[in-house]
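Peer 1: Please build the complete structure, drawing on both the sequences and the hints.
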Amino acid sequence: MAESETRYRVGGMDCASCATKIDTAVRCLAGVADVSVSVMAGTMTVRHDGSSDLKAIEKKVTGLGYSVAPLAGNAAPAHAHSSQHRHDHGHNHGDHADHDHEGPDHAGHDHDHPHDHGEKEIEGLHGHDHAPMAGPWWQSRKGRLTILSGAALVAAYAVGHLVPAIASYAFIVAMLIGLVPIARRAVMAAFSGTPFSIEMLMTIAAVGAVIINAGEEAATVVFLFLVGELLEGVAAGKARESIQSLTALVPKTALLEDKGQTREVPAESLAVGAIIMVRPGDRISADGIILSGESAIDEAPVTGESTPVRKGVDAVVFAGTVNGDAVLRVRVTAAAADNTIARVVKLVEEAQESKAPTERFIDRFSRYYTPGVVAVAALVAVVPPLLFDGPWGEWVYKGLAILLIGCPCALVISTPAAIAASLSAGARRGLLMKGGAVLETLGKVTMVAFDKTGTLTEGKPQVTDIISFGLREAQVLSRAAVLEQGSSHPLALAILNRARADGVPVPPAFELEALPGKGVSGKVGGETLDLLSPPAARERGTLSADQDARITALNDEGKSISVLLVNGVAAGLLAMRDEPREDAEAGLAALKSAGVKAMMLTGDNKRTAAAVAGMLGIDWRGEMMPEDKQRVVGELKRQGFIVAKVGDGINDAPALAAADIGIAMGGGTDVALETADAAVLHGRVGDVARMIELSKRTMRNILQNITIALGLKAVFLVTTIAGITGLWPAILADTGATVLVTINALRLLRIKG
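For the sequence shown, my numbering assigns the number 1 to the initial residue and increments by one for each residue that follows.
What the hints contain is simulated information worked out from the structure, not anything from laboratory work. Just so it is clear, the structure is predicted and the values come from calculations on it, not from any experiment. For glycine and all other residues, C-beta sits at the position ideal for the given N, C-alpha and C. Some hints here could point you the wrong way.
With a straight-line cut-off of 25 Å between C-alpha atoms, the simulated BS3-like cross-links for lysine-lysine are [what the hints assert, rightly or not]:
| hint | residue 1 | residue 2 |
| --- | --- | --- |
| 1 | Lys523 | Lys597 |
| 2 | Lys444 | Lys460 |
| 3 | Lys434 | Lys696 |
| 4 | Lys444 | Lys606 |
| 5 | Lys434 | Lys597 |
| 6 | Lys597 | Lys696 |
| 7 | Lys637 | Lys606 |
So the derived label-pair ranges between C-beta atoms look like this [claimed, not checked]:
| hint | residue 1 | residue 2 | range |
| --- | --- | --- | --- |
| 8 | Ala589 | Lys59 | 53 to 59 Å |
| 9 | Glu394 | Ile743 | 33 to 39 Å |
| 10 | Ala594 | Arg540 | 52 to 58 Å |
| 11 | Pro507 | Gln639 | 56 to 62 Å |
| 12 | Gly595 | Ile743 | 41 to 47 Å |
| 13 | Lys637 | Ala30 | 38 to 44 Å |
| 14 | Val272 | Trp138 | 42 to 48 Å |
Peer 2: Take a look at the structure:
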């Protein structure tokens, strides 16, 4: 049976133990092959053999106290992975254009969406406190329960003062208001294969406290636990909003050209090939190509690039960017489901579901850690009274406090929170990384192998030198451009672009004739013009020894030469070369200062390669076929380097796949995202160093988080056994650590541009 994959949006998850509970429960259902749950993306992907009862899966998740709704376009066979993703995505971002509010109880805004009704129906099935939150936190079920529990606690204190005789009962009632939903979730989790959940530890501690007559503390602990959960929910929501808010950049409507008229239509209804009009100041509503008009486009919302980019006919524009100063007509090249922003959000959500090695280790660690804590707590409660005549009440109390300290929430969330924040921060700056493992490896990279054309260089030759023999430079350029008009050869385009930039006249030519392998000839204003390659010019015997020496010198600099003849006499030379990108030198310097070596691998001839490498001060290998690049990457790895390969994708695919990390370079649509592990959307060389720096910052952040989580626990463990701190400082230590860890991880969202 073909394996299928179904994706769900899950509401109400706010820490990694939520994800573990859901994973454990769904994994043991019949027919389920694999489960992947992301707290930060608020999604669950289930791979199953098609025999599994999808309704049973949903029921299992709602039973644990979460809302669940299948994402549209599901159930494609797993091998059709990427195409299904693209499809599923369509609905995810078309119908759910701003579903970021479905996340766990975050302080979002009120939205009213066409898809809400599905969630509402599901929500109605169970009276849990883990509802998705569309609105401020105090309107969520979790928020209301926390407020109610707090009010009950205050009331219990008041009653206790007025009628001391019933104080203990008042606190028990106050505790039960908060504890009943928690205990219900604990029981459901236990039946689903997670006996040692935080809810179970909480329930045992609260009930135990009542038994040893510490009802007041039990009620306080339950209230503090609910506050902590609420804070975690708000923090997790913040991390989720960061990437989801990208989808809000795409306008909801577009001006469609139809039979000479323009009319407003929903942006998600635009078909590929449709023509839209974009007025000055409007956001562009789809990825496309400019048909007419020239304008400065502000791409900051998508790429983080602060200076607007001038774009004219045939230039590519992205959905969500802002048109500056002229009316543009744009032909749509991608449906709403597949535009750059939608694909970025999609990739980041999928990336958040794939775990980093550190995260997998901590998951395994916590699987043994929690039962271990329960065992230690039991020993602390029982051993001193039994063996050393300690007072039962005191030691049972200490045992209960240790139960609360031991909760692994902060530890388990320390890694995914940092990774989710990093992936979001990177994506907002055009740095895409496919998952935690990629993010973790990037920081260890010691060698970056760059492709040349289109990666370190612009990928388009430019006229670098105009040398005239008798004429003015502008006259040489004008005559060369006359012969090249209408040609689409890269060298011809270089000459025409330079003529346009310099504003030289390009009159029409007559009797234009291509001379295969040699050049082109034609007539203008009574002159016979030829633009030839140097060998063809030498054949005609028109070059002096001095002119020939000039050509050889330019060739040695890696430049291609065209010779202009006027009436059979050499009148000038045009030298062209694919020049390094403006930021290439600075980008390589940034890598060097980070202690990372760089090398250029190119298919170009050795002269050109040496010239470009010399300008950039970088090691190089030239005249390489794709398989040669792959071989060199293998050699570098054997020498002990952790290798990142950067290329614009197509001919670099084998080397990208062979490297430890393959980074694709270039615009959102033609990036080889399928082969690469990461992508630099704006093709800036400096972004590779930024990506490595982001990875290093993330790993430092994770280390800080683990230290906070374990450090606080160690301190409170000692003070509890010594009898200095009691139950409610213990729960503060736990939720406090979780909130601190999440806030620390969210610092990664504020990366300098």
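Peer 1: Any hints from earlier that this structure breaks? Give me their numbers in increasing order, please.
Peer 2: The structure breaks hints 1, 2, 4 and 12; every other hint is satisfied.
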